[in-house]
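Each chain, written out:
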Amino acid sequence: MDRREFIKKGLTATAAAGTTFLLQPTACTPKDKEFGAKVVGKGDMPDLVAIKGGEAARMYDAGIKALGGIERFVKKGQTVVVKPNIGWNVPPENGGNTNPELVQRVVESCFEAGAGKVYVFDHTCNTEASCYKNSGIAEAVKKAKGTMVTGSVQSHYHEVEIPGAEVLKKTEVHELIMNADVFINIPVLKNHMATLVTAAIKNLMGCIWDRMAYHYSDLSRSIAEFCLYRKPDLNIVDAYTVMTRNGPRGVSPEDLKLMKMQIISTDIVAADAAAIKIYGAEPESIAHVKIAHELGIGNMNLNELKIKKITI
Amino acid sequence: MKLKLFRILAASVVITIFTAALFLSLDLLNRAVSLMAGVQLIPALYGAAGGAGLFLQVAILLGLALFIVLTGRLYCSIICPLGIIQDGITFLSGRTKGRKFRFRKSTIWVQLALLIVLMAAFVIGNGLIAGYLEPYSISGRFLGALLRPLLLWVNNLLAGLLSIIKVRALLPVEFEPPTIPVLSGTLILFVTVGVMAFTRGRLYCNLLCPVGALLRLTSRLAIFKIDLNHESCNSCGLCEKSCKAECIDSAKRRVESERCVSCFNCLTVCPKSALSYAPSLRANVDAERRSFFLKMRGAGAGALLLSLFPLRQLAAKGAPFKDKMGPVTVPPGAKGVEQFYGSCSRCHLCIASCPTGVIQPAHAPYLDYEKSYCEYECNLCSQLCPTNAIAPTSLAEKQLIQLGEVEFIKKECIVYKSNTSCGACSEHCPTKAVYMVPYEPEVVTANMGEELLFIPELDSSLCVGCGICQMVCPAEPTKAITVKPHRVHKSARLPESKVNGKRPRELTPEESREDFPF
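Chains as they are written, first to last, in my numbering: chain A, 1 to 312; chain B, 313 to 830.
I should point out that these hints are in silico values taken from the structure, not numbers from a laboratory. Just to be clear, a hint being listed does not mean it is correct.
Claimed, not checked - Here are the simulated lysine-lysine pairs, BS3-like style, with alpha carbons at most 27 Å apart:
#1 B:478 <-> A:76
#2 B:478 <-> A:117
#3 B:729 <-> A:169
#4 B:553 <-> B:409
#5 A:260 <-> A:65
#6 B:729 <-> A:133
#7 A:170 <-> B:729
#8 B:683 <-> A:170
#9 B:478 <-> A:170
#10 A:260 <-> B:553
#11 B:647 <-> B:417
#12 A:133 <-> B:553
#13 A:142 <-> A:169
#14 A:277 <-> A:75
#15 A:260 <-> B:814
#16 B:478 <-> A:145
#17 A:142 <-> B:478
Work out the full structure: start from the sequences and follow the hints.
Encoded structure:
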């Protein structure tokens, strides 16, 4: 092999090796999508299911069954985006991210319903590689045969207009939220320094690129108004461990209360109202929930809703 | 020829470790690069002076001494990354293949003078000068300040092009491009070394390199040498033409061992098998120059080196430090600005490896909190630093270091300025040194709802100076919360939450039996 050949071969090898430079999860390509009400057969289904007393995955199984099964939400061949809370570089025992076992079970159940692809992502607060790994969620998704997708590349977010918004008129949304057939939200219930409590509605902050814009101009209203763009088809609030102080990142497992609860609902405002009550506060006192209710995104008056309670 | 192949393989492994570490963060790779960087000669000297892990540092120096006594300048071919990079450049020039070298006379005085300057810098406690002179740091800057940004830039370009045709095989990676001063300084060095390697093989190693000077002085002690058999040799000159160090005089049938870097190129080309790599306890190649003095100069150089350590302890205390940068935050483990700059040779290893990219080069590495933050759960830089300018620090120890102290400027705060919630600072704070307290606005404005507002308050004894609050503060143009760097690092206390047990509070039996609160 002479020098010219060597250089040529070297460049080809480098280009091929370039694909291994980045140990980033794969990403999907955007398609045009229209949103509409996809959930059928409401009839005598409960609006909200509250489960307690079991492991997170088992509580989900019982809860989703009471809501008509995951097949009610995921049809054969559909693309599902699952949005847990993977915001922080903390281990599962610190309770700062969604329980990885719960994420794994949800992803598995989507495939059991015949989903074509199940993507999982979050726009993390600490570095993505550390959050995806140390939260245990990347591993859990891999076991469930789902696909972790990066949330840290700006060009994967596209600007959209939010209909009816006063403050959050435009924002850049991740293409999965724009394009996936089914949108499943799996927040973890925690204390939060800025908004007192964080649950379902607040978790959607990980779907957009510019979080600082929310903090800069009326945080609570921005959080609520995002739901005017797209509401999750299903909300599963992880209240297995509830962070009662030092949130949303948490300092140690000492900050947690082992409540072993879970809330599942198609109504994001109702899910938050129930979660906040479990936390020990009143929904009206959490500004972004109150604004979301006033905007008609959902119903925070739990006494008006059909609630099924399950104890494992 | 087996030896030349061994040299190429070993050198390839070493340079691959250093290059891969620029882009990948894997546990094994981090250990490998920490090891390879730690056994570099000049960094190992600085490392032994630092006082941290003295036992290990002394072991490294002894190991190096043994290696040098055994193999002479094999170090220059398989340990020193700058040597390996030069070999790569020489290879691309085609001169080894074309056998274009010839024997040249060489003086030691230029590189010896540079070695003396380096030793003076070492004694007075200056790392910057070392960074311009010693080969490992130079190679570190080539890799960290030139190769890495170049490859990332190319990657991002290709990723952009591929995304046009909707292919996502490559993803863009965010990185901070080198500043003009850093880039131009490194480019000047690169052109200098590069042109030398392209035209004259290992000229740098035998003209400018201070480590080369030291190894030339100690070469007489080396056991293994290239041996040229007078009887078998026919002075064909093939070995002379292939010698990158230009140290083989085929007419006189001798190899000037002190300049030989043990690349073994000559062994493969000799048609008479007159060359071999063999142990010699007697310097039979230079029979007339074999003298007690020459052997002893190697030992003398070693003894002189040892004497520098106590000298540095004495001198460095009173050394004046030119404060070119104003208040800056230095990495956890550096202990303080003076201490850091006294040993840091700007090799760029911490900068290239930092997972958040917060360490940035300037006059010297510092933490830039406008763009990034120091991750609470990370202590990587302290594990990699070859000179121990950033001393090895466990994660638990690192979490008790206070790099700087948080400062809150209420009049810049979003909550104060617009009566809306924010709390980004407290949200991200890993120790809750920044926490939120209820806030009653003095002036009620029209846009206010009935929302309860909270504003930051500080417990600086918990602050580790990580800068995440400063990074995320949305206030413009001035941040409402910043970290004031400490010239000498202080201690933070452990948050209560971490002091006590490590388990969540469990529900009492009554609480477990309670119904849902709705």
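Hint check, failures only: Numbers 6, 10, 11, 12, 13, 14, in rising order.
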